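**Student:** So the protein lines, in turn, are chains F and D.
Each residue of the first sequence is one higher than the last, beginning at 1 in UniProt numbering.
Each residue of the second sequence is one higher than the last, beginning at 1 in UniProt numbering.
Don't read these hints as lab results, they were simulated from the structure.
Output of the computed footprint for chain D on chain F, the stretches with three or more beta carbons under 8 Å from beta carbons of chain D:
{"#": "1", "stretch": "182-194"}
{"#": "2", "stretch": "205-219"}
{"#": "3", "stretch": "227-237"}
{"#": "4", "stretch": "241-250"}
On a predicted model such as this, the values are computed, not experimentally measured, just so you know.
A virtual CB, placed ideally from N, CA and C, is assigned to each residue, including glycine.
2 protein chains.
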Amino acid sequence: MGIGTTHTIALIGSGTIGLSLAALHLTKDPHSKVIIYDTRPDLEAYINSTLPGYLVNADVQQCMARLHLAPTLKDAVERADVVQEQGPENLPFKQSLWPQIETHAPSHTLFLSSTSGIPASQQCTSMRDPSRLLVVHPYNPPHILPLLELVPSPQTSPETTTRTQSFFARLGRVPIPLTRECPGFVSNRLAFALLREACSLVSQGIVSVQDLDSIVTSSMGPRWSVAGPFKSYHAGGGTEGLRGFMEKIGGTVGMCWEESEKGYRENNIVVGGEWQEEVCRQAEEAYGKSGVGDTAERDRKTRRVLEAVGERERGR
Amino acid sequence: MGIGTTHTIALIGSGTIGLSLAALHLTKDPHSKVIIYDTRPDLEAYINSTLPGYLVNADVQQCMARLHLAPTLKDAVERADVVQEQGPENLPFKQSLWPQIETHAPSHTLFLSSTSGIPASQQCTSMRDPSRLLVVHPYNPPHILPLLELVPSPQTSPETTTRTQSFFARLGRVPIPLTRECPGFVSNRLAFALLREACSLVSQGIVSVQDLDSIVTSSMGPRWSVAGPFKSYHAGGGTEGLRGFMEKIGGTVGMCWEESEKGYRENNIVVGGEWQEEVCRQAEEAYGKSGVGDTAERDRKTRRVLEAVGERERGR
Chain F
1 MGIGTTHTIA LIGSGTIGLS LAALHLTKDP HSKVIIYDTR PDLEAYINST
51 LPGYLVNADV QQCMARLHLA PTLKDAVERA DVVQEQGPEN LPFKQSLWPQ
101 IETHAPSHTL FLSSTSGIPA SQQCTSMRDP SRLLVVHPYN PPHILPLLEL
151 VPSPQTSPET TTRTQSFFAR LGRVPIPLTR ECPGFVSNRL AFALLREACS
201 LVSQGIVSVQ DLDSIVTSSM GPRWSVAGPF KSYHAGGGTE GLRGFMEKIG
251 GTVGMCWEES EKGYRENNIV VGGEWQEEVC RQAEEAYGKS GVGDTAERDR
301 KTRRVLEAVG ERERGR
Chain D
1 MGIGTTHTIA LIGSGTIGLS LAALHLTKDP HSKVIIYDTR PDLEAYINST
51 LPGYLVNADV QQCMARLHLA PTLKDAVERA DVVQEQGPEN LPFKQSLWPQ
101 IETHAPSHTL FLSSTSGIPA SQQCTSMRDP SRLLVVHPYN PPHILPLLEL
151 VPSPQTSPET TTRTQSFFAR LGRVPIPLTR ECPGFVSNRL AFALLREACS
201 LVSQGIVSVQ DLDSIVTSSM GPRWSVAGPF KSYHAGGGTE GLRGFMEKIG
251 GTVGMCWEES EKGYRENNIV VGGEWQEEVC RQAEEAYGKS GVGDTAERDR
301 KTRRVLEAVG ERERGR
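Work out the full structure, taking the sequences as your base and the hints as a guide.
**Tutor:** Below you can see the structure in the form of structure tokens.
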């Protein structure tokens with residue numbers, strides 16, 4: 001899989017993640033061939049009506065000409081360099097899928113699962129060679145947001161991870177390998193930690209759902225687009241860096257952590273707690289009952305933010 | 001203080017926040033007059049050498065012509081429409097400052113403290129009229145990042161808050177009033193909640209400091225520049241909005257929250273814990289021993305991100 005060779009990518013499953021990944025491969029590598037396998041009966045009409053919307057800033061016709069629909073799983077994977085699976089989040093499905101793929105795919109093919117929660121170590125139990133399977137967790141939508149978390153099982157070979165990392169880096173993505181499996185991986189663990197505090201503060205009546213969102217978009221959102229939390233606080237610590245930050249602000253940090261724990265305990269901030277109704281009600285009041293809105297505007301702005309930060313897509 | 005009138009802003013204290021606020025007022029309102037009061041002996045030389053660096057995309061000479069240094073506190077505040085205090089984070093200092101300001105300032109003047117931790121209810125104890133004092137907590141640097149958290153004490157009058165909100169909205173800022181005082185206010189509570197999880201994951205060896213920063217800048221940073229966490233998850237829940245999100249993903253969210261708590265407990269993620277040395281070491285390895293870096297580049301990129309999101313500064 002050197003630069004300049006033509007890659008064939010087989011995508012198993014064509015939900016929103018599958019479509020976004022198809023767009024990623026088709027637009028970031030102008031020579032790639034993408035094969036989609038999905039059991040839905042209206043697949044061709046569905047792909048033709050939805051995928052072009054994902055192909056922004058690209059020659060749609062040229063992209064669609066490199067897209068193929070496979071009638072069987074065997075047809076999808078037998079000439080693939082990369083197989084990416086985004087089927088149902090269902091362990092038996094994935095456990096039975098990989099041995100079939102293993103039977104039909106070439107020996108060099110990368111086997112990647114887009115799961116957000118089922119680790120490779122559980123998916124691989126019926127594989128002949130579990131060293132070939134790697135979780136590649138995208139941040140939605142992956143044709144726009146560059147992060148891919150690579151989460152190896154204890155059986156995944158280092159070569160599988162490094163080849164996958166090179167492959168996505170050449171597509172201008174940001175593939176980050178974790179050292180090992182962990183529930184929620186890293187991105188969701190971080191985001192859900194902030195979400196919990198957000199739910200707690202809203203449920204305590206300190207701030208509304210909409211005002212909390214405004215606080216984030218006008219402060220840490222832009223800040224963390226440019227530099228992550230550690231780099232930001234390292235800069236905030238002056239000549240002593242993060243060490244200086246913890247010395248100067250540590251007292252406040254510790255007080256906040258204690259207050260947060262107290263807030264979760266006293267307001268029962270667990271999933272399904274009473275607080276949930278009020279937070280959902282406020283979200284509906286602020287943003288409408290349905291969450292289906294104008295993703296085109298969101299995606300356009302997100303692209304512009306990424307360009308503003310430094311042409312990350314072109315630079316790597 | 002209607003639109004079009006000339007405002008005089010007295011800034012008490014000229015550290016980095018004071019300089020940034022001076023730049024904010026001078027550049028966002030081309031008719032404002034800014035008066036700085038600070039007891040440092042080299043004030044004039046210091047201001048002349050540092051402030052111009054903050055006046056980006058502005059007529060520096062025209063801005064500096066509207067800046068005045070006051071020899072005494074009385075001179076600073078006696079004709080001010082707004083007094084903003086960013087002196088030492090020291091309760092006795094602030095408690096003794098406000099009654100002096102109250103003695104010399106006009107009756108319509110807004111009294112605002114930039115403190116990140118000392119609530120107005122503690123600062124105001126010696127004031128004749130505590131209803132005039134409001135905490136206005138900026139997100140650093142305030143001449144770039146638009147958030148201002150307005151944190152009223154139980155004594156702060158609603159009028160003080162609404163007048164302050166209007167004043168900063170007219171400067172193209174995002175002033176968000178909280179309903180009441182809370183330790184760390186909202187922005188730091190949210191950011192420190194994510195920071196704790198980040199420290200925990202690094203201390204568990206799952207990801208490095210630098211890779212964690214890359215994860216944030218390539219996923220939730222850009223996402224949360226465009227839409228806050230609630231709006232994002234509301235969109236992620238499809239036709240059922242946030243309610244649908246919690247139904248579909250709630251199990252994973254709950255599991256992450258439990259894992260996070262376990263991680264804090266087992267790895268003693270409190271301020272001053274053993275984990276801190278390794279996190280600081282990795283930050284130094286990744287970003288250099290000193291946190292003092294190229295803030296010009298950071299600030300330029302941050303401005304571009306804010307422009308990309310929607311000209312927030314001009315739109316309000």
